[in-house]
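Trainee: Taken in order, these protein sequences are the chains called A and B. Quick note on my numbering: the first sequence kicks off at 1 and runs consecutively. Quick note on my numbering: the second sequence kicks off at 1001 and runs consecutively.
One or more of the hints may lead you astray.
Unchecked claim - Derived PhoX-like pairs (lysine-lysine); straight-line CA-CA distance at most 25 Å:
{"hint": "1", "chain 1": "A", "residue 1": "Lys275", "chain 2": "A", "residue 2": "Lys251"}
{"hint": "2", "chain 1": "B", "residue 1": "Lys1275", "chain 2": "A", "residue 2": "Lys261"}
{"hint": "3", "chain 1": "A", "residue 1": "Lys261", "chain 2": "B", "residue 2": "Lys1261"}
{"hint": "4", "chain 1": "B", "residue 1": "Lys1173", "chain 2": "B", "residue 2": "Lys1201"}
{"hint": "5", "chain 1": "A", "residue 1": "Lys72", "chain 2": "B", "residue 2": "Lys1201"}
{"hint": "6", "chain 1": "A", "residue 1": "Lys251", "chain 2": "B", "residue 2": "Lys1261"}
{"hint": "7", "chain 1": "B", "residue 1": "Lys1072", "chain 2": "A", "residue 2": "Lys201"}
{"hint": "8", "chain 1": "A", "residue 1": "Lys72", "chain 2": "A", "residue 2": "Lys56"}
{"hint": "9", "chain 1": "A", "residue 1": "Lys282", "chain 2": "B", "residue 2": "Lys1251"}
{"hint": "10", "chain 1": "B", "residue 1": "Lys1251", "chain 2": "A", "residue 2": "Lys275"}
{"hint": "11", "chain 1": "A", "residue 1": "Lys188", "chain 2": "B", "residue 2": "Lys1261"}
{"hint": "12", "chain 1": "B", "residue 1": "Lys1173", "chain 2": "B", "residue 2": "Lys1333"}
{"hint": "13", "chain 1": "A", "residue 1": "Lys261", "chain 2": "B", "residue 2": "Lys1251"}
{"hint": "14", "chain 1": "A", "residue 1": "Lys335", "chain 2": "A", "residue 2": "Lys114"}
{"hint": "15", "chain 1": "A", "residue 1": "Lys72", "chain 2": "B", "residue 2": "Lys1188"}
{"hint": "16", "chain 1": "B", "residue 1": "Lys1275", "chain 2": "A", "residue 2": "Lys251"}
{"hint": "17", "chain 1": "B", "residue 1": "Lys1261", "chain 2": "A", "residue 2": "Lys275"}
{"hint": "18", "chain 1": "B", "residue 1": "Lys1057", "chain 2": "B", "residue 2": "Lys1041"}
{"hint": "19", "chain 1": "B", "residue 1": "Lys1275", "chain 2": "A", "residue 2": "Lys275"}
{"hint": "20", "chain 1": "B", "residue 1": "Lys1282", "chain 2": "A", "residue 2": "Lys251"}
{"hint": "21", "chain 1": "B", "residue 1": "Lys1251", "chain 2": "A", "residue 2": "Lys251"}
These are computed hints drawn from the structure, not numbers from a lab.
There are 2 protein chains.
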Amino acid sequence: MTTRLSLDVMGGDNAPQIVIEGAAQILSSTPEVEFLLFGDKSVILDHLRHFPLLEKKSHIHHCSEVVTNDTKPVNAIRGLKDSSMRKAIEAVANGQADAVVSAGNTGAYMALSKIILRTLEGIDRPAISALLPTINGVCIGLDMGANLECTTENLVQFAIMGDIMAQRMLGIKSPRVGLLNVGTEEVKGHAIVQQASMLLKELPTMNYIGFIEGDDVNHGIADVIVTDGFTGNIALKTLEGAAHFIFGIIKESMSSSFFGKLSYLVGRSTFRDIKARLDPRKYNGAVFLGLRGIAVKSHGGADVVAFANAINVAFNLAKESHSLNFGEEIEAKIKEI
Amino acid sequence: MTTRLSLDVMGGDNAPQIVIEGAAQILSSTPEVEFLLFGDKSVILDHLRHFPLLEKKSHIHHCSEVVTNDTKPVNAIRGLKDSSMRKAIEAVANGQADAVVSAGNTGAYMALSKIILRTLEGIDRPAISALLPTINGVCIGLDMGANLECTTENLVQFAIMGDIMAQRMLGIKSPRVGLLNVGTEEVKGHAIVQQASMLLKELPTMNYIGFIEGDDVNHGIADVIVTDGFTGNIALKTLEGAAHFIFGIIKESMSSSFFGKLSYLVGRSTFRDIKARLDPRKYNGAVFLGLRGIAVKSHGGADVVAFANAINVAFNLAKESHSLNFGEEIEAKIKEI
Chain A
1 MTTRLSLDVM GGDNAPQIVI EGAAQILSST PEVEFLLFGD KSVILDHLRH FPLLEKKSHI
61 HHCSEVVTND TKPVNAIRGL KDSSMRKAIE AVANGQADAV VSAGNTGAYM ALSKIILRTL
121 EGIDRPAISA LLPTINGVCI GLDMGANLEC TTENLVQFAI MGDIMAQRML GIKSPRVGLL
181 NVGTEEVKGH AIVQQASMLL KELPTMNYIG FIEGDDVNHG IADVIVTDGF TGNIALKTLE
241 GAAHFIFGII KESMSSSFFG KLSYLVGRST FRDIKARLDP RKYNGAVFLG LRGIAVKSHG
301 GADVVAFANA INVAFNLAKE SHSLNFGEEI EAKIKEI
Chain B
1001 MTTRLSLDVM GGDNAPQIVI EGAAQILSST PEVEFLLFGD KSVILDHLRH FPLLEKKSHI
1061 HHCSEVVTND TKPVNAIRGL KDSSMRKAIE AVANGQADAV VSAGNTGAYM ALSKIILRTL
1121 EGIDRPAISA LLPTINGVCI GLDMGANLEC TTENLVQFAI MGDIMAQRML GIKSPRVGLL
1181 NVGTEEVKGH AIVQQASMLL KELPTMNYIG FIEGDDVNHG IADVIVTDGF TGNIALKTLE
1241 GAAHFIFGII KESMSSSFFG KLSYLVGRST FRDIKARLDP RKYNGAVFLG LRGIAVKSHG
1301 GADVVAFANA INVAFNLAKE SHSLNFGEEI EAKIKEI
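With the hints as constraints, model all of the structure from the sequences given.
Mentor: This is the structure we're talking about:
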């Protein structure tokens, strides 16, 4: 069965090059995919020339406008009726595409997705979910920045969405769901996380493990980590920054002595493996959860490898949804509580 | 001039051993310090036997009660009138000691410190400040967990306290002060950080650099990082966890191949340097800022090296305050705005 993915060719710091090349990369290993390319037709054609297979498997939809990083969400919604971002999302809403991917302005992308795809019944606010590396694989973190202030109900809904996501995308039968807090004891935290914790404890089908702390994020004790968008965004970026910082120190230290340099030479394949395992590009592709359609957000600064990964996330989610609709499963679960 | 430090001998997971040995370690390099030891007299004497120099430079104050990790702040205040934590703090309040150090229950320690030492004029809530490693040294982060929900005014006061702390403790003339947020653009974040940012911009003497993101924490672009206690605590612990996680992966990868092992052998002094540079024990010793007295909090799980570092933080702050009182400087600054 062919999966059709809609791409915002103009979104992101390195667009359109990364979008076209990322799509071409995916196509070389995944022939059962087709692309709907939204953006400036002449620009797209110019880039497509180098990728004849992609050209054959693509449908170009010319758009006269672009949502930039400076575009306010309200302007993306009220103005810019012919933006590549909007049109790419609309392709999912009207059934032309199975999922959409954009590396553009997060705020505008979320706002447009909410309006065009609409939120699932019982979900007050969609969340941004991302994969985070752990000692034994990956976990799902949400919300990573869509909702800076969250109610108890928002957090409970995020937990339910993350739970289903982990089951479907990570193949975990009974995902361990944790709520990020400043301590693990019941008395810790503010009223919102405490109340959310009490509600989650009462959900009979959820494997809720209680509060977890910042240093548990990578430690593989939870498959789903729930938090508000402010904390989640800062924790996610702090992780990325810490990895960058530590590798910087290692590089600096190893290159400043003879034995350090020698050690690097001897172990360079090992160092390559380590860097590959923690490569943030492998984790690119955040999912907007809680919508009646699949929308994946790539990091704005993504390169080809990273963008291809985001496309891959969209492809896998879309393929999963051919058999069982993700959104309907979430709606059914929300109704149960 | 002798500096007198008051120690809660019974606080922390590894008390009293780490407290006594940590104090003995400091004394071996810093003879101009004296200790007031609060706790069970027979236990203290039993441990002191091994450290004759410390025994000579210590005054033991027997306390019949202990604040444990399970003690609620309200019980530490209303009950437990003879706890080692309370008495150690009181020694600062009544001028017997220049600073107090405890590895005990953070909530109880902060609550008791607030009541016994009282907050500075113009400061609504004290904050926990900690040193964080950066590519070019360290920076000061606050609040690291005292105030889970903060107002705009709280954040502005934290910025002022952090600014003075960085000048006095890090010797930076005009510290770069940043406000942690989900983006650097002015429109990013919720109302509280946006309003705090506007107020900070108007402070003529502060070198306010605007919003910074999670991945900037270790990148040395700010000397003072201001945030609410919920986000700060989670960011701090996420950093610690990330370092642990990355070193775990490096160790695992290097020990799983011949060249990895060889590389480790050749570079082991370099690896030791790297681990030492990022050793979290070096950053142990969080300061309760905004009180009329110096109170330093050690990590509850601290070992001797880590606890000695917390004592050292208290010693340096106390020594600084002999010449110019920290609190008075903060009060004067707050009055200016």
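Trainee: Would you mind confirming whether the straight-line C-alpha gap from lysine 261 of chain A to lysine 1251 of chain B stays at or under 25 Å?
Mentor: Holds, at about 18 Å.
Trainee: Are the Cα positions of lysine 1275 of chain B and lysine 251 of chain A separated by 25 Å at most?
Mentor: At roughly 13 Å apart (the allowed maximum being 25 Å), lysine 251 of chain A and lysine 1275 of chain B satisfy the hint.
Trainee: For a C-alpha distance cap of 25 Å, please report whether lysine 1173 of chain B and lysine 1333 of chain B respect it.
Mentor: Cα-Cα ~15 Å, so holds.
Trainee: Measure nothing beyond the straight line between the CA atoms of lysine 1057 of chain B and lysine 1041 of chain B; if it is 25 Å or shorter, mark the hint as holding.
Mentor: holds, 16 Å
Trainee: Take a quick look at whether lysine 1251 of chain B and lysine 275 of chain A sit within 25 Å of each other, Cα to Cα.
Mentor: The given pair, whose Cα atoms are some 13 Å apart, holds under the 25 Å limit.
Trainee: Holds or violated: are the alpha carbons of lysine 261 of chain A and lysine 1261 of chain B at most 25 Å from each other?
Mentor: With a Cα-Cα distance of about 15 Å, the restraint between lysine 261 of chain A and lysine 1261 of chain B holds, given a limit of 25 Å.
Trainee: Given the hinted pair lysine 1275 of chain B and lysine 261 of chain A, is their alpha-carbon gap at most 25 Å?
Mentor: holds, 17 Å
Trainee: Hint check: lysine 1173 of chain B vs lysine 1201 of chain B, CA-CA at most 25 Å. Holds or violated?
Mentor: holds, 18 Å
Trainee: Given the hint that lysine 282 of chain A pairs with lysine 1251 of chain B, test it: the Cα-Cα distance must not exceed 25 Å.
Mentor: holds, 21 Å
Trainee: Does the alpha-carbon distance linking lysine 72 of chain A and lysine 1188 of chain B stay inside the 25 Å limit?
Mentor: holds, 11 Å
Trainee: Are the Cα atoms of lysine 1251 of chain B and lysine 251 of chain A separated by 25 Å or less?
Mentor: holds, 16 Å
Trainee: Verify the proposed pairing of lysine 72 of chain A with lysine 56 of chain A, using a straight-line Cα cut of 25 Å.
Mentor: Measuring from Cα to Cα gives roughly 35 Å; hence the hint is violated.
The structure shown violates the earlier hints numbered 8, 11.
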